[in-house]
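*Asks:* Please build the complex by placing chain P on the supplied structure of chain Z, with the hints as guidance.
There are 2 protein chains.
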Amino acid sequence: MKNDGLLIVLSGFSGSGKGTVMKRLMEKYPGEYALSVSATTRSPREGEREGIEYYFKTQDEFEEMIANDELLEYARYVEHYYGTPKFYVEDKRRSGIHVFLEIEIQGALKIKEKFPDTLLIFLVPPSIPELAGRLRGRGTESEDVVKARLSQARVESGYMDRYDYIVVNDDLEMCVEQVHDIVQVQKFQAKRSTELISRLQHQLDDFLKGENV
Amino acid sequence: MKNDGLLIVLSGFSGSGKGTVMKRLMEKYPGEYALSVSATTRSPREGEREGIEYYFKTQDEFEEMIANDELLEYARYVEHYYGTPKFYVEDKRRSGIHVFLEIEIQGALKIKEKFPDTLLIFLVPPSIPELAGRLRGRGTESEDVVKARLSQARVESGYMDRYDYIVVNDDLEMCVEQVHDIVQVQKFQAKRSTELISRLQHQLDDFLKGENV
Chain Z
927 MKNDGLLIVL SGFSGSGKGT VMKRLMEKYP GEYALSVSAT TRSPREGERE GIEYYFKTQD
987 EFEEMIANDE LLEYARYVEH YYGTPKFYVE DKRRSGIHVF LEIEIQGALK IKEKFPDTLL
1047 IFLVPPSIPE LAGRLRGRGT ESEDVVKARL SQARVESGYM DRYDYIVVND DLEMCVEQVH
1107 DIVQVQKFQA KRSTELISRL QHQLDDFLKG ENV
Chain P
927 MKNDGLLIVL SGFSGSGKGT VMKRLMEKYP GEYALSVSAT TRSPREGERE GIEYYFKTQD
987 EFEEMIANDE LLEYARYVEH YYGTPKFYVE DKRRSGIHVF LEIEIQGALK IKEKFPDTLL
1047 IFLVPPSIPE LAGRLRGRGT ESEDVVKARL SQARVESGYM DRYDYIVVND DLEMCVEQVH
1107 DIVQVQKFQA KRSTELISRL QHQLDDFLKG ENV
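Chains Z and P are the protein sequences, given in the same order.
Using our numbering, you'd call the opening residue of the first sequence number 927 and step up by one each time.
Using our numbering, you'd call the opening residue of the second sequence number 927 and step up by one each time.
Chain Z with its partners taken away, still in its complex shape (with noise of 0.2 Å):
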């Protein structure tokens, strides 16, 4: 367990730019991080590759992964599945490599509260007029469309607090820093630290036993 690489969600509102941030990060620290790849049981968008976007998989693939509890998470959208394979996390984290997941809120509270010791991270803009602007300088939505994105932001925005850090994505590479910065500092978590504990302990008491160390 000791150099396992953690398990961590990136959540944040539409337009705060997750997945720039995390595209920033994985260049800036290769090797450190990984970014899950989702399965689902949509047909493939063009240019989207099997393995890399996603894991593409029929219905019935994709309920055998559900009950075979193959998956971290899953949940249907419309008339489709998307869930967290367990083995490229699993995989990945045993090389100490530390793996994101990219998914919303009830998806994220429910990882946690499976696995306590995931890092949850919120991504959020500068400002609402900040989003705003970004979402419509996008050019392809429509204004409703903006509304209907920060109308979904204002819901998500009720659990926040159920996140244990919030990082503002203003300059993107000091928010890539930020974000690297909170990671990196988790290992010395003294709920993670058991292992150091202990094997001070033991040594302590050999030498208070008069063992020659």
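Hint data in this document are derived by calculation from the structure and do not stem from the laboratory.
One thing to keep in mind: the hints can contain errors.
Note that the list lumps identical chains together, so a pair holds whenever it fits in one copy or between two copies.
Said to hold, decoys possible - Distance condition first, Cα-Cα at most 30 Å in a straight line; then the derived DSSO-like pairs of lysine-lysine:
| # | residue 1 | residue 2 |
| --- | --- | --- |
| 1 | K1040 | K1117 |
| 2 | K1012 | K1073 |
| 3 | K1073 | K1135 |
| 4 | K1038 | K1113 |
| 5 | K1040 | K1135 |
| 6 | K1135 | K1012 |
| 7 | K1113 | K1012 |
These figures come from a predicted structure and were not determined experimentally.
*Replies:* Quick look at chain P alone, frame taken from chain Z:
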């Protein structure tokens, strides 16, 4: 409250290098950190200056400070009082400076109980043989004193899991950076971000009510 400095307790086994770490931390980040100055009823030793090493008080003065609730914590060792005056800590914190208390475990746990927001950091040596070597290397400690200090460390080790973070002091510069990073990421904790959360919620409410944003 928003930009107040944190209250931080740094504890650690005798010989773990608390003093050296604090000195280097304050040297490296001037204006960011302060070390609380204790009050005591014992007499100044050679070279000790009022308000620098300690605030020197008579027994009556100290007991008046206790009666007036002017101390964050205090304890009596042998025939002398030692305590942490509030005014210094509060004055610094209001200026956004993080204030360290270098106190032992019982005092630390009392402080944490009274002020749950306090950050508790415990400093340990890389190993007990290394610690024994450092204590012997001082040249001033008899083997009995070394043994007494390690016996005390064994007792203290039973409380390490009550701390928030445990940092190994192997390489001084690395240790100072780790303490600095731990302190710096605290401001991203969701529990310290209530103002940010409610600001964003108000802005979302304004936007969704159709006000111009």
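*Asks:* Could you run down the list of hints and mark each one as holding or not?
*Replies:* Verification of the hints:
1. Proximity of K1040 to K1117 under the C-alpha cut-off of 30 Å is found in both arrangements, the shortest distances being 17 Å within a copy and 21 Å between copies.
2. When the C-alpha separation of K1012 and K1073 is checked against a cutoff of 30 Å, the pair qualifies neither within a copy, at 35 Å, nor between copies, at 49 Å.
3. Proximity of K1073 to K1135 under the C-alpha cut-off of 30 Å is restricted to the inter-copy arrangement: shortest distance 10 Å between copies versus 70 Å within a copy.
4. In this homomeric assembly, K1038 and K1113 come within 30 Å of each other (Cα to Cα) both inside a single copy, at 18 Å, and across copies, at 21 Å.
5. In this homomeric assembly, K1040 and K1135 never come within 30 Å of each other (Cα to Cα): the closest approach is 42 Å inside a single copy and 37 Å across copies.
6. For the identical chains of this complex, K1135 and K1012 are neighbours neither inside a copy (45 Å) nor across copies (42 Å), given an alpha-carbon limit of 30 Å.
7. Proximity of K1113 to K1012 under the C-alpha cut-off of 30 Å is restricted to the intra-copy arrangement: shortest distance 22 Å within a copy versus 32 Å between copies.
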